[in-house]
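Produce the complete structure using the sequences and hints provided.
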Amino acid sequence: MADKTVRVQQIGSPIRREASQRQTLIGLKLNKMHRIAVLPDTPSVRGMIAKVHHLVRVLDDAA
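Heads up, the final residue of the sequence shown is numbered 63 in the UniProt record's numbering, and it's a clean run with no missing numbers.
Hints in this document: simulated from the structure, not taken from any laboratory.
Among the hints, a few may not be true.
Pairs of lysine to aspartate or glutamate, EDC-like flavour, derived with a Cα cap of 20 Å [said to hold, decoys possible]:
(1) Lys51 to Glu18
(2) Lys32 to Glu18
(3) Lys29 to Glu18
Below, the structure is given as structure tokens:
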């Protein structure tokens, strides 16, 4: 499962969001608009994506 990856793009601004949502974006290696991160497809990463689903777009969804 560790060899699978997911690409995530930030589409929303962290301005005027809760601090935990800003920290989650940083944990996803996203801190600027339209930046794309390639992350391992793990349950913890999926949970982080779910927490900020309104700020990110999943580009490659293997699951």
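Are Lys51 and Glu18 close enough, with their CA atoms no more than 20 Å apart?
This hinted pair holds, its Cα atoms lying about 11 Å apart.
Keeping to a limit of 20 Å between CA atoms, is the pair of Lys32 and Glu18 held or broken?
16 Å, holds
Taking 20 Å as the top limit, are the C-alpha atoms of Lys29 and Glu18 close enough?
17 Å, holds
Consistency with the previously given hints is maintained throughout, with no hint failing.
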